[in-house]
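Using the sequences plus the hints, can you model the full thing?
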Amino acid sequence: MRDALRLYLHYVRVSIRSQLQYRAAFVMTSIGVFLITASEFVAVWALFDRFGQVHGWTLPEIALFYGMISITWALCDAIGRGFELFGTMIKEGNFDRLLLRPRSTVLQLLGQELTLRRVGRLLQGMLVLGYAAAAGTIDWTGPRVVLLVASIACGVCAFLGVVVLQATSAFWTVDSLEVWNAFTYGGVTMSQYPLAIYRSWFRGLFTYAIPLGCVNYFPGVAILGRADPLGTPALVGWIAPLAGPVFLIVCLQVWRIGVRHYRSTGS
Amino acid sequence: MMAAVRPGPLRPYLAIVSARFRMLLQYRSAALAGLFTQAFFGVTLIMIYEAFYRSSAASAQPMVFAQVVSYVWLAQALLAMLPWNADAEVRAMVRSGAVAYELCRPIDLYGLWYARAVAQRTAPTMLRAAPMAVFAAIGLPLLGLGEWRLEPPASLAAGAGFAAALACALALACAISVLINISLLWTVSGDGIVMLVATAVSLLSGLVVPLPMFPEWAQPILRWLPFAGLADLPFRIYNGHIAPGGLALALAQQLGWTIALIALGRRLLGRGLRRLVVQGG
Amino acid sequence: MPQIVVEGLVKTFQIAERTPGLWGAVRGLARRRYRAVRALDGVSFSIERGELVGYIGPNGAGKSTTVKALSGILVPDAGRCEVAGRVPWRQRIAHVAEIGVVFGQRTQLWWDLPVVESFELLRDIYRVPQARYARSRDAMIALLDLEALLDVPVRQLSLGQRMRCDLAAALLHAPAILFLDEPTIGLDAVSKLAVRDFVKRLNRDEGVTVILTTHDMDDIEALCTRVIVIAGGKILSDGALAELRARVTRERWLTVDLVDAGGAIDEPDAKEIRREGHRVCLAFDPQVVTPAELIRRVTSRHAIRDLFVENPPIETIIARLYEAHGGSAGAPDGALDRTPDGDPDRSPG
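Going down the list, the sequences are from chains A, B and C. The opening position of the first sequence corresponds to residue 24 in the numbering used here, with each subsequent residue numbered one higher. The opening position of the second sequence corresponds to residue 12 in the numbering used here, with each subsequent residue numbered one higher. The opening position of the third sequence corresponds to residue 372 in the numbering used here, with each subsequent residue numbered one higher.
If you're looking for bench data, these hints aren't it; they were derived computationally from the structure. Among the hints, erroneous ones may be present.
[As the list claims (entries may be wrong)] Now the stretches of chain C that chain A is said to cover, found in silico as 3 or more residues with beta-carbon under 8 Å:
hint: 1; region: 436–442
hint: 2; region: 461–473
hint: 3; region: 482–493
Quantities reported herein were computed from a predicted structural model and do not represent experimental measurements. Where is the CB? At the ideal position from N, CA and C, for every residue including glycine.
Laid out in structure tokens, this is it:
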């Protein structure tokens, strides 16, 4: 395990050095990403300026959910690039090279790139979270801070699981990978608002099937110290994030099935 | 399927359109996947707006909920038409320096790039807009979600006006797209300008949030920027927010900007090519 | 006990069919058709430690499928395979740690990195202890003359330089078996010789078992004492190169340079198979007319500036072998052209 971590850190060092070779482009793109994501929050702000609140939730409260999910997705998007590009890798026949190395394919794909330009979205997320902390009425106790960090970590696991599923589907059909964007980018958009405002079937999808709600909404409610309009007990907010890593483990098993399928049907 | 083509200047562009159609049809699963993703997005966004509208007095809002719904679906349907990116081939040409050779050829480079921009948008837009509209108008009610369906245009005049505004929007989108291409002559990596334009396009055309939702003080500015003509104006003609009487002004705004940006583009292209030659590529 | 044992390997693939044109694409929306392709149809052979084996066949014959099965990437439908006591696809990680693979057309090095940094990453991937890595690395640098290339990013290397680096990279973890797939493709003459020389020495001095898959017959002739020919998923021939030659044809070629370009050569026991300006090539059976006799006849009737006698090039031999087994659409007897650098004609199927 430690050996795998050592290799991963080596990969990360290499990836960072590789990207910093194109420093100017990296800076430009990061700024660009920041501007795009910032403009998205401007739109949210505009809606609150018009409507004042949504189902009783105010802008600072939304900003907590929004900031958390931005940070979560930025981190996942940075780590999971190898899986995101897997469709191309399969198409170009480069997956064989990974199988020819005495390492797990997951480790090699995670190590392929740590995409630095996601820092634009990371910065946006932190600023929005900062706004939520400053403008809101959150009582930042020790446990709540831990919950915040843990939720983000578990959130990264959850989204990584979706990204892994997306890559796995490339073993069967390289063309429909876009479908998973509904759950990654769509999942991000969905998570920016409290789960409570959506229809019950939509909530169910994101609680029990793809537990993106478990890693953002429920802990967010606990951090806000609010009662959940859906009526779930307060404890749920503290243990729901665990659904993230559990989901990821399940997705990795599906990945294994995909690799097995690839190895028996050839490229 | 394609009508017989008279040989001449039109053929290469029709070839691009035909090739795109063919490619997109082959990847039917890709098409369905894209449709699903956009439908999912549309539904999510509509639920969010629905929550907002349920939370306050509807009369205070610039658009009624049904108009917002139409706006959202039109945005999903016509996403491919907007100028998001530089033409990949042009980017490669600029990077390799081959674009300087274009100065030696007796062709209208701006016209070529503009026609390419039009050709490249036609196939993907048509192949996405039609199924998207069908889903939004008919599929949703079948799924029991009729309250979120895409309604027909507010009136016959609105429908006709929408068609005209859409054509103008396409012309405008291509003018902006070619400007993005031209910007590559100055910055080789090009990503910075492209992202800036993409941000401006998405925010200021109403794709992130309908323009009327922005604060009142911002409305005059937004109204007169070129980006409004890309999506906001045609969509609001469709859903009746712009009454048929305002049609002429809207079209004039779109066309005005289109002409201005084409003129600017031509000027900058000439200058950019000369600069490239002076620099030695 | 052979190092590599392959017995009765069978593998069938399902290939999707696509109809061309715009109308075909629209129809493709409705349904997709598949056809079954038998890539391996009972392939068997065994290889001892330290052998240098050529594995050749037309495109689509099953070469890469066999290599994929041997390297553990692909799981066959039936058959047995053991490499160094392991079943490759059952113990992938343990197995690939002991083999090296070089693809001629792809690099396994990291594109943006200096070569030596790729080496270091591979060291960590293969868990090679630092001391052993340093020894391997230094040996490779010396043997392949890589000193000047170590700090160059891979994207800036020429094809020949990249191939040398790829060879080194594949051997850093001291594998017992090396698979080479088209290692000299696209290389200039000097680089080809360097690669061949290196592989020969590696096999001779270090005892590394080498399996060479290639279309370049010069590689085969230079390196391989043993050649396995596969076509249509079946092994057509397995043995020494000389045996293969003798098996297929006794034919030999006489090439003469005429003084007068136009002269027709009309010999009853020889067939003209090629004419290029002054140079004419005749095919003959040495058991029907001896080389000496044929030379005497031709020189007595024509003014000759120069001549030589040779065996038909190995590509011709191979192509005749494929044809004999109902293989690809080859040209009739003896009329195949040998391209200047030895690349064979591209046969379909």
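Checked hints:
1. Note: the region 436–442 of chain C has 3 residues with beta-carbon separation from chain A under 8 Å; the three-residue rule is met and the coverage holds.
2. Counting residues of the region 461–473 of chain C whose C-beta lies closer than 8 Å to any C-beta of chain A gives 7; at least three are required, and the coverage claim holds.
3. A stretch counts as covered by a chain when three or more of its residues have a beta carbon under 8 Å from one of that chain; for the region 482–493 of chain C and chain A the count is 5, and the coverage holds.
Hint compliance for this structure: every hint is met.
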